[in-house]
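Novice: The chain contents come next:
Protein chains: 2
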Amino acid sequence: MRIILDGMGGDNAPGAIVEGAIEASKEIGDEIIIIGNEDLIKKSLKKLGYGGNRITVVNAAEVITNDESPVRAVRRKKDSSIVVGMNMLKNGEGDVFISAGSTGGLLAGGLFILGRIEGIDRPAIGAVYPVIGSKPSLLVDTGANAECKPKNLLDFGIMGSIYMEKVLGRRNPRVGLVNNGTEAHKGTTLTKEAYSLLSGSKLNFIGNVETRDLQDSVCDVIVTDGFTGNIIVKLTEGMGLMVLRELKSRFLENIKSKLGALLLKNQLKEIKKEFDYIEYGGAPILGVKGAVLKMHGSSNGRAVKQTILKALPYVEENVIGTIEKFVREYGSDDDK
Amino acid sequence: MRIILDGMGGDNAPGAIVEGAIEASKEIGDEIIIIGNEDLIKKSLKKLGYGGNRITVVNAAEVITNDESPVRAVRRKKDSSIVVGMNMLKNGEGDVFISAGSTGGLLAGGLFILGRIEGIDRPAIGAVYPVIGSKPSLLVDTGANAECKPKNLLDFGIMGSIYMEKVLGRRNPRVGLVNNGTEAHKGTTLTKEAYSLLSGSKLNFIGNVETRDLQDSVCDVIVTDGFTGNIIVKLTEGMGLMVLRELKSRFLENIKSKLGALLLKNQLKEIKKEFDYIEYGGAPILGVKGAVLKMHGSSNGRAVKQTILKALPYVEENVIGTIEKFVREYGSDDDK
Numbered sequence: 050m051r052i053i054l055d056g057m058g059g060d061n062a063p064g065a066i067v068e069g070a071i072e073a074s075k076e077i078g079d080e081i082i083i084i085g086n087e088d089l090i091k092k093s094l095k096k097l098g099y100g101g102n103r104i105t106v107v108n109a110a111e112v113i114t115n116d117e118s119p120v121r122a123v124r125r126k127k128d129s130s131i132v133v134g135m136n137m138l139k140n141g142e143g144d145v146f147i148s149a150g151s152t153g154g155l156l157a158g159g160l161f162i163l164g165r166i167e168g169i170d171r172p173a174i175g176a177v178y179p180v181i182g183s184k185p186s187l188l189v190d191t192g193a194n195a196e197c198k199p200k201n202l203l204d205f206g207i208m209g210s211i212y213m214e215k216v217l218g219r220r221n222p223r224v225g226l227v228n229n230g231t232e233a234h235k236g237t238t239l240t241k242e243a244y245s246l247l248s249g250s251k252l253n254f255i256g257n258v259e260t261r262d263l264q265d266s267v268c269d270v271i272v273t274d275g276f277t278g279n280i281i282v283k284l285t286e287g288m289g290l291m292v293l294r295e296l297k298s299r300f301l302e303n304i305k306s307k308l309g310a311l312l313l314k315n316q317l318k319e320i321k322k323e324f325d326y327i328e329y330g331g332a333p334i335l336g337v338k339g340a341v342l343k344m345h346g347s348s349n350g351r352a353v354k355q356t357i358l359k360a361l362p363y364v365e366e367n368v369i370g371t372i373e374k375f376v377r378e379y380g381s382d383d384d385k
Numbered sequence: 050m051r052i053i054l055d056g057m058g059g060d061n062a063p064g065a066i067v068e069g070a071i072e073a074s075k076e077i078g079d080e081i082i083i084i085g086n087e088d089l090i091k092k093s094l095k096k097l098g099y100g101g102n103r104i105t106v107v108n109a110a111e112v113i114t115n116d117e118s119p120v121r122a123v124r125r126k127k128d129s130s131i132v133v134g135m136n137m138l139k140n141g142e143g144d145v146f147i148s149a150g151s152t153g154g155l156l157a158g159g160l161f162i163l164g165r166i167e168g169i170d171r172p173a174i175g176a177v178y179p180v181i182g183s184k185p186s187l188l189v190d191t192g193a194n195a196e197c198k199p200k201n202l203l204d205f206g207i208m209g210s211i212y213m214e215k216v217l218g219r220r221n222p223r224v225g226l227v228n229n230g231t232e233a234h235k236g237t238t239l240t241k242e243a244y245s246l247l248s249g250s251k252l253n254f255i256g257n258v259e260t261r262d263l264q265d266s267v268c269d270v271i272v273t274d275g276f277t278g279n280i281i282v283k284l285t286e287g288m289g290l291m292v293l294r295e296l297k298s299r300f301l302e303n304i305k306s307k308l309g310a311l312l313l314k315n316q317l318k319e320i321k322k323e324f325d326y327i328e329y330g331g332a333p334i335l336g337v338k339g340a341v342l343k344m345h346g347s348s349n350g351r352a353v354k355q356t357i358l359k360a361l362p363y364v365e366e367n368v369i370g371t372i373e374k375f376v377r378e379y380g381s382d383d384d385k
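Chains A and B are the protein sequences, given in the same order. Note that the numbering used here has the first sequence beginning at 50, numbered continuously upward. Note that the numbering used here has the second sequence beginning at 50, numbered continuously upward.
Hints are computed from structural coordinates only; laboratory data are not their basis. Positions of the beta carbon are idealized from the N, C-alpha and C atoms, including for glycine. Any given hint could turn out to be false.
[To be verified] With a Cα cut of at most 27 Å, we get these calculated BS3-like pairs of lysine-lysine:
| id | chain 1 | residue 1 | chain 2 | residue 2 |
| --- | --- | --- | --- | --- |
| 1 | A | K297 | B | K283 |
| 2 | A | K305 | B | K235 |
| 3 | A | K283 | B | K235 |
| 4 | A | K305 | B | K318 |
| 5 | B | K297 | A | K198 |
| 6 | A | K338 | A | K359 |
| 7 | A | K307 | B | K235 |
| 8 | B | K198 | A | K322 |
| 9 | A | K321 | B | K241 |
| 10 | A | K241 | B | K91 |
| 11 | A | K283 | B | K283 |
| 12 | A | K126 | B | K235 |
[Claimed, not checked] The following residues of chain A were derived to be distant from chain B, with all beta-carbon distances above 12 Å:
| id | residue |
| --- | --- |
| 13 | N102 |
| 14 | E111 |
| 15 | N140 |
[What the hints assert, rightly or not] Derived, one-sided and incomplete: chain A residues facing chain B with beta-carbon distance under 10 Å:
| id | residue |
| --- | --- |
| 16 | L97 |
| 17 | E286 |
| 18 | S347 |
Start from the sequences, fold in the hints, and give me the full structure.
Specialist: So this is what it looks like as structure tokens:
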């Protein structure tokens, strides 16, 4: 397999990207191609003492930033790392494209260069959703589509379900629809119609789920529009950070509490780890005709390495082909 | 002041309601009228040893449950505690109505019996939103209106702002609009238009807020549609419960951690209290022509007492009149 890495995306590029590539190449035998400023990347490889031949560099002179219009950037910056990488993926010069760069750039690049999977109207971002004390869920959509139609939510369920099964190894994943109540008649026009589409699908749809129960592992695939998905992911992150901060501040109150915290050091470390997204690899951009993984902008070397490792089953298990086949066979009615 | 209490609403009625009334009457000199099954309530008063004369009982033979259609229930059950209480409020036989009963019943009762404040299209529920380690915010709407128009969100901002200032004592409260990004151009059609209305208002509007920052006290009044509000409140609740559960289970792992937890007993208790809504009293049903407070269905005596105490400024500070005046003076354009 050939893994294409965006060497210029994210806050720590290219250092963290190169580091992650080197670490991953110690565990897997696949070829890794890093796209970007050749000089910088080669310097980074040298600095980190890389002497192998499975990591190669392809030059790209431009970078798409978070501040520019993604659509215009993808159209104009033909020599940007994202456009070059996507084109290589499209032309079969690689099997998966991984980037910590602009989410908008990746979505636009995916749409214009790779194109949509037939039958899928709107690509979506699937994020691994951490569940405290348990295995994570997958949340689709995390923010690609602020406004959705019922059919989009059905597609999110299909794509999320297949990704969850193939890449994260969860058999027959339970699909839940985020709603303001569990009863079928609850919700907005959007959720009511999506409920009916999901109920009639071949998915293991368990019905509406309330956000109160997300941390109770109520389902494996959490389906929602990109606005609500964004609200959920950011609130979960914010709550986690604040609870940890509050614990820390309370535990430093006096000598007695400091001693208590010292005795609980291992446990507190474990809890902190629960909030850590790194273990699960990047977020798939689902619905485009190619395996694309988006990493967090602040990814460090370890996060990059983990994402590279997760990219293997994404390709080997033929997630894209499976989605295409599912949609072809069981549809996803285009009139809806 | 005369406080009207729904004696039949909630899981612990009438016991907890009566208990809360008795406890409150020890602190305030106001009259409390409990509506409901007279025999049951009088027995409860007797059982708890009440011998005063500031708590009276008004009989109501029916109860509106959570399982029935609120609109139909309010129309048919004329002798239910909610309908009797709302009618008394309307007729000036009391100054505020407090209930732990059906939210739908209270909303429908508010609309049909009390009517809307002129210029306010949709009443909303304002919930005190707990912020860990800091003063709470007020979130409007928590679930009365799953689908909203931009003008509704402006009204939520106005009503929330006035309630926050008058009842919770926060001067010149900062109003934030929940969105998927802080930039003005971000969001859905709804949030973009609401942003523009709020920007042009007399409120202390600070712009869009992301849910990641809600626990950072980014604003005092959190404005959002009832669907998103429901998602936020329930996720916050679920996260809080799971974190506490996880802490508890980790801290019981071995003797060393148990000892650590023992030393941190006070701190853990304080953290648990942070998630406690009880201190702040019930949720106001804003936008109806009367002071109505909804309590949590599981309210105990202490929660009932706290809500009664919060009802005083709600009435004394003339929240309803202030909202009417604000809308009359600064409008809230009805065409939008």
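Novice: For every hint, state whether the structure bears it out.
Specialist: Going down the list of hints, with the structure as the test:
no.: 1; hint: A/K297 x B/K283; in the structure: holds (25 Å)
no.: 2; hint: A/K305 x B/K235; in the structure: violated (48 Å)
no.: 3; hint: A/K283 x B/K235; in the structure: holds (15 Å)
no.: 4; hint: A/K305 x B/K318; in the structure: holds (15 Å)
no.: 5; hint: B/K297 x A/K198; in the structure: violated (42 Å)
no.: 6; hint: A/K338 x A/K359; in the structure: holds (18 Å)
no.: 7; hint: A/K307 x B/K235; in the structure: violated (44 Å)
no.: 8; hint: B/K198 x A/K322; in the structure: violated (41 Å)
no.: 9; hint: A/K321 x B/K241; in the structure: violated (36 Å)
no.: 10; hint: A/K241 x B/K91; in the structure: violated (45 Å)
no.: 11; hint: A/K283 x B/K283; in the structure: holds (14 Å)
no.: 12; hint: A/K126 x B/K235; in the structure: holds (24 Å)
no.: 13; hint: N102; in the structure: holds (43 Å)
no.: 14; hint: E111; in the structure: holds (24 Å)
no.: 15; hint: N140; in the structure: holds (34 Å)
no.: 16; hint: L97; in the structure: violated (33 Å)
no.: 17; hint: E286; in the structure: holds (5 Å)
no.: 18; hint: S347; in the structure: violated (14 Å)
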